[in-house]
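Q: Spelled out from the first residue to the last, the chains are:
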Amino acid sequence: MKYIKFSLAGILFGIVMTKSEAVSWFRIQEMFRFESFHMYGIIGTAVILGAMLTFLIKKFKLKTIYGNQIEFKDKNKSITRYLVGGILFGLGWAMTGACPGPMFTLVGHGVWTMLIVIASAVLGTYVYGLLRSRFPH
Amino acid sequence: MDFIRIISEPWHWSVSGIMIAFTMFLLLWFGGKFGASSNLRTLCAIGGAGAHSDFFRFDWKSQIWNLVFILSAIIGGYIAVNYLASPEPVNLSLSTTEYLTSKGIAYPKSNFEGLGYVPQEIYGFENLSSFRNLFMLIGGGFLVGFGARYAGGCTSGHAISGLSNLQLPSLIAVIGFFIGGLIMTWLIMPSLLTL
Chain A
117 MKYIKFSLAG ILFGIVMTKS EAVSWFRIQE MFRFESFHMY GIIGTAVILG AMLTFLIKKF
177 KLKTIYGNQI EFKDKNKSIT RYLVGGILFG LGWAMTGACP GPMFTLVGHG VWTMLIVIAS
237 AVLGTYVYGL LRSRFPH
Chain B
3 MDFIRIISEP WHWSVSGIMI AFTMFLLLWF GGKFGASSNL RTLCAIGGAG AHSDFFRFDW
63 KSQIWNLVFI LSAIIGGYIA VNYLASPEPV NLSLSTTEYL TSKGIAYPKS NFEGLGYVPQ
123 EIYGFENLSS FRNLFMLIGG GFLVGFGARY AGGCTSGHAI SGLSNLQLPS LIAVIGFFIG
183 GLIMTWLIMP SLLTL
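Residue numbers (the numbering used here), protein chains in the order written: chain A, 117 to 253; chain B, 3 to 197.
Bound conformation, chain A alone:
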């Protein structure tokens, strides 16, 4: 039962990703070519509003529906892993035009070839797990 609310949130997310056109390969090309404000507007609005929400959650110690404190963990301090990992991610994002959320959403559009991308992303995660001690973090 407790998963139903996450399912509804996921359905909403798939609709939002589609209607925002953030799932569009074309929009990602356009964004990286700086030829439209569209994607920057979306991300900018989400971050500004998200920062206000995060601030308010902390200030008023908002609880989850289970009555627990909503917690925010600080990320570990480092530069290498975020920069290098981020660059690799960005290369793949621009190549496929899809980050993980949109990948799943696009399967719902009937883009069946996206299943290849998802399988490969799982493989990439697996290989990272195998080799991560050899990379600087």
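Since the hints were derived computationally from the structure, they do not count as laboratory data. Since this is a predicted model, take the numbers as computed values, not measurements. Treat the hints with caution; some may be incorrect.
Here are the simulated BS3-like cross-link-like pairs (lysine-lysine), alpha carbons at most 27 Å apart as the crow flies [said to hold, decoys possible]: (1) A/Lys118 / B/Lys63; (2) B/Lys63 / A/Lys121; (3) B/Lys35 / A/Lys175.
Got chain A sorted already, so can you dock chain B onto it with the hints?
A: Quick look at chain B alone, frame taken from chain A:
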């Protein structure tokens, strides 16, 4: 219904941004958090990758809520293209359209004409035999999966959740996303698309 007609129109970017922040808030309120790429790690763990690396040895059952979330996004995508689709194709800027056309990628079609959000030339089932396309799908997917875990998050975890929580590491990751994205878009894609 009027409501359905209104949300079927193309959304202004600010509405989209508000709805993404709202999704993040819902997940926090439900006791989860907004981060899509963690699911890839969970899938590895479910598949038994824990036998090969302790990175996948964790209580994946505690992450089922996130899998439910991301798999439901498939349903959301289905609903959005079948019942809430705008009759117009993605309103791409003229300069992007011209560039892509010169590289052999046709202007996006509307959803009624086929895959409205991805180029048929790359994602079409009938074009899967092309080495270039397989390279883009497999190589790109691999980089997304590897890079997201190396960086500890993707667009949702770092660009939205992390920046919202004013995390410097997330800012570094997002700068990385853009360095990688710009290298791909400006230096590699132009030749990749004409292959």
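Q: What hints, given by number in increasing order, does this structure fail?
A: none
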